[in-house]
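Put together the whole structure using the sequences plus the hints.
2 protein chains.
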Amino acid sequence: MIAPRTIALDAMGGDHGPSVVVHGASISLTRHPALEFVLFGDEQVVSAELQNYPELAARSRIVHTPSVIAMDAKPSQALRRGKGSSMWEAIAAVKNEQAHVAVSAGNTGALMAMAKLILRPMAAVERPALAALWPTINSECIVLDVGANIGANARQLSDFALMGAAMARALFHIEYPTVGLLNVGVEEIKGDEHVKQANAWLKQTSGLPLHYRGFIEGDQIGQGTVDVVVVEGFAGNIALKTAEGTAKQIGRYLKDAMLRTWLSKLGAAMARGGFRVLRQKMDPRRVNGGTFLGLNGIAIKSHGGTDALGFASAVDLGYEMAQTGLIERLAADLDTFHHHIGQNAAE
Amino acid sequence: MIAPRTIALDAMGGDHGPSVVVHGASISLTRHPALEFVLFGDEQVVSAELQNYPELAARSRIVHTPSVIAMDAKPSQALRRGKGSSMWEAIAAVKNEQAHVAVSAGNTGALMAMAKLILRPMAAVERPALAALWPTINSECIVLDVGANIGANARQLSDFALMGAAMARALFHIEYPTVGLLNVGVEEIKGDEHVKQANAWLKQTSGLPLHYRGFIEGDQIGQGTVDVVVVEGFAGNIALKTAEGTAKQIGRYLKDAMLRTWLSKLGAAMARGGFRVLRQKMDPRRVNGGTFLGLNGIAIKSHGGTDALGFASAVDLGYEMAQTGLIERLAADLDTFHHHIGQNAAE
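So the protein lines, in turn, are chains A and B. Residues in the first sequence are numbered consecutively from -7, following the working numbering. Residues in the second sequence are numbered consecutively from -7, following the working numbering.
Simulated from the structure, these hints should not be mistaken for lab results. In this text, all values refer to a predicted model and were calculated from it rather than measured experimentally. Some clues are possibly wrong.
It does not matter which identical chain is meant; a pair holds if it fits inside one copy or across any two.
[Claimed, not checked] Subject to a maximum C-alpha distance of 30 Å in a straight line, what follows is the list of computed DSS-like cross-link-like pairs (lysine-lysine):
no.	residue 1	residue 2
1	K87	K247
2	K66	K188
3	K182	K87
4	K188	K240
5	K108	K87
6	K182	K195
7	K75	K108
8	K66	K195
9	K75	K195
Right under this line is the structure:
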């Protein structure tokens, strides 16, 4: 038996490597004292970092790995030369049941390719998906796929719904998360055949562990209309980045507007407590971590350029996702669903 | 010869009908005194409205139409029963060269279907597109397709680039607008075959009236990286609505943050000049109007729920787009491009 909530860390991943990874893990440990870590990387460098965080060191062990996947390596290269790298071995630790979850701030394409190769898609899953946490007016929702694939057929979209619901159950502790299918309109006639068929299946299938709410539109994501938003990866990736860009753009408008006159500057200075709250609310480090779902094990991708606080959010996410039984439960849900649509197709 | 810049108005369209349409037109007329209008609608109702705006009345004529397309009519219904409606006749006025541009705040699906049927796609165009103005940090850019179609092949995407460039030339008065192709990454290997092929064609083809800048990602739209952003309609529609939703969400965050303490409230009150500028900057009425491109005539869709100020923006857009020669120039550009890719395909 492995200890509960053990996280395998790619200690060399990301733009800043071990300094951010180790510091980030130490922040997350203060929030979740039950965490344990296995750090994969250059032993000398990582152990030197760990010395700065004795409490983290006491709950960590280092596994030396001789190589590192470059941030600009192509996925195919990374697969060929990956063995022995900190990223590869961190994922392999999940496969070998030495850890519940792997977290890496390294090369996204390489991580997805490796995770798929090492952990393998679940028996029922045609395509794994990348799920993002998305801040909403009330709290957060999960959006998937945000770029693991381009395009998705009806079955794959429906699978994403179940995968997202499993993640929502782990993160938000809701037994029946609400799920919406992203479309260009909410009427039944909107969308292509894949979206329409997925909508029909999710509506018809009884016994699914979710409340299906039908189609939603892009402006409803941030309103928190549903816990899980399902979309194929091309549009999902574009939506995510567009929202990030819009937030940055409005931040810039706000700054310019406050710097216009001495009165607005003074007012903004007095309201700085409010602006601090706003900044925290909009801080992209607060929700960091794409979760790779649909494999026989969980891999989480942190933004490569994030700092320790951002990396800690990805580790926090790993902690929540490191629930034993999550994948078994999802497998059973997928079985129920595929059985149902198989019957329907046969009718 | 028709008078320069004559606009056909669907006076009955939108949630508020003639009151908003007529008032909106009067606002736009103060900005563009060269405008003339043909208003299609219930003669009694429209002429009663017009009496409130004598300057507008002096530059308008009313054409009575006996019916109105309902906001929730299906496009197929609208086509069957459309003749004689204010929307149909406004579009037909463009076809019959009684007006340069038609503007309607009515049912989007009906407007697109009617415009396509009445104005017909340009000889070289497989698919018309809906283009939106998108506010950026510096000014505005054009994004298309935002929902006229779902999916687009390489040729259609490339055509969108030329159509968007023609619109940018009319609106921004730039001879060689910059164009980017929206994708899930900027590397050449990203995206599906359609996006990759369109990228290759736009790169290779010399003599195009635009500066092609390659792939861009969602967060670059609002940064104003390019004048024209090309994307297939499903992802484009979702991106547009997601950006609108994000802006609303942040506005809400900001309000909540300012209302937190008496000090932040006081500061916000002092900075109200700045907040007013911000509100103006983020006012969705400032840029209102989807332009239906690729037909033998221009049709513009205003938001159905907008007020007079918002409708005036759509009329302003119509004024800019009502340039004689725009469609002829676009037709020539499309010819050049298709000749080039035809040669390439034959090689």
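Classify it for me, K182 with K195: is the Cα-Cα distance of at most 30 Å met within a copy, between copies, both or neither?
-> within (16 Å within a copy, 34 Å between copies)
Are the CA atoms of K188 and K240 at most 30 Å apart within a copy, between copies, both, or neither?
-> Answer is between; shortest inter-copy Cα gap is 28 Å, intra-copy 34 Å.
Is it within, between, both, or neither for K66 and K188, if the alpha carbons may be no more than 30 Å apart?
-> So K66 and K188 pass the 30 Å test across copies only (17 Å; inside, 35 Å).
Measure nothing new, just compare the shortest in-copy and cross-copy C-alpha distances for K75 and K108 to 30 Å and report within, between, both or neither.
-> Answer is within: at 14 Å inside a copy they meet the 30 Å cutoff, but 57 Å across does not.
If the cutoff is 30 Å on CA atoms, where do K87 and K247 land: within, between, both or neither? Let me know, please.
-> neither (48 Å within a copy, 47 Å between copies)
Are the CA atoms of K66 and K195 at most 30 Å apart within a copy, between copies, both, or neither?
-> between (40 Å within a copy, 23 Å between copies)
Go through the copies and call it for K182 and K87: within, between, both or neither, with a Cα cutoff of 30 Å.
-> This pair counts as between: shortest inter-copy Cα distance 29 Å, intra-copy 41 Å.
Check K108 against K87 for me: Cα-Cα at most 30 Å, and say if that holds within a copy, between copies, both or neither.
-> So K108 and K87 pass the 30 Å test inside one copy only (11 Å; across, 56 Å).
Is it within, between, both, or neither for K75 and K195, if the alpha carbons may be no more than 30 Å apart?
-> For K75 and K195, neither the intra-copy (44 Å) nor the inter-copy (38 Å) Cα distance is at most 30 Å.
Checked against the numbered hints above, the structure breaks hints 1 and 9 and satisfies the rest.
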